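Protein chains in written order, with this note's numbering: chain U, 73 to 183; chain W, 165 to 281.
The set of hints was computed from the structure by calculation and includes no laboratory data.
Just so you know, these numbers come straight off a predicted model, no measurement behind them.
Where is the CB? At the ideal position from N, CA and C, for every residue including glycine.
Just to be clear, a hint being listed does not mean it is correct.
Footprint (simulated), chain W over chain U, 3 or more residues, beta carbon under 8 Å [as the list claims (entries may be wrong)]:
id : segment
1  : 116 to 127
2  : 173 to 181
Reference excerpt, derived from the structure (chain W facing chain U, CB under 7 Å, subset only) [stated by the list, open to error]:
id : residue
3  : F174
4  : G206
5  : L207
6  : L209
7  : A216
8  : Y228
9  : E269
10 : F272
11 : G273
12 : Q274
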Amino acid sequence: DQQVKQNSPSLSVQEGRISILNCDYTNSMFDYFLWYKKYPAEGPTFLISISSIKDKNEDGRFTVFLNKSAKHLSLHIVPSQPGDSAVYFCAATRNTDKLIFGTGTRLQVFP
Amino acid sequence: NAGVTQTPKFQVLKTGQSMTLQCAQDMNHEYMSWYRQDPGMGLRLIHYSVGAGITDQGEVPNGYNVSRSTTEDFPLRLLSAAPSQTSVYFCASGRPHRDRARNTEAFFGQGTRLTVV
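Construct all of the structure, not just a fragment, from the sequences and the given hints.
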């Protein structure tokens, strides 16, 4: 049973526009959410996180939004750049225990 | 600062063979974990450890063993490899914490691509 879901396997966005990556979760006990970015042949790297007590967290071009009632979070990248092309994983955890990852969304930013 | 080091980077095994994937970290993290990445499945947790001498199962532990004799090392053992274990394996060190000053978001190694024929 997939507790963290990313329903869009891929997304293509023009450079300079906004990229919106979505993630849904089923376990209401999750209290901390993270986004990781992964380039080919590399391990995932941490991007941004949000606690369940907040509904928004911003870090430069990256903003994560959390809608607890809908069990939904999203990652906004503005403006998108070609270097943002990668696979993005959302992850969730409870009491900072083990991380449960989604299936990933491949973002392609084209000129 | 090496971070998380995984060896080997690539491995081909025959069905039934055994092998150990190595993982070492130099960040003095207590928490370490192993994931496998498969197409359409994302990253799935195999085993994890909250400190030396303590291990626990993740989402997909069958067919894998782990041990944690030191803080630095967390090897993953395949006792009898099966084609279903063909995957990319990632070791991670640290775990997320709300206080980022404690800097315990998981740091991942470069991965080991394993093929079982």
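Any of the earlier hints contradicted here, and which numbers? 3, 7, 8
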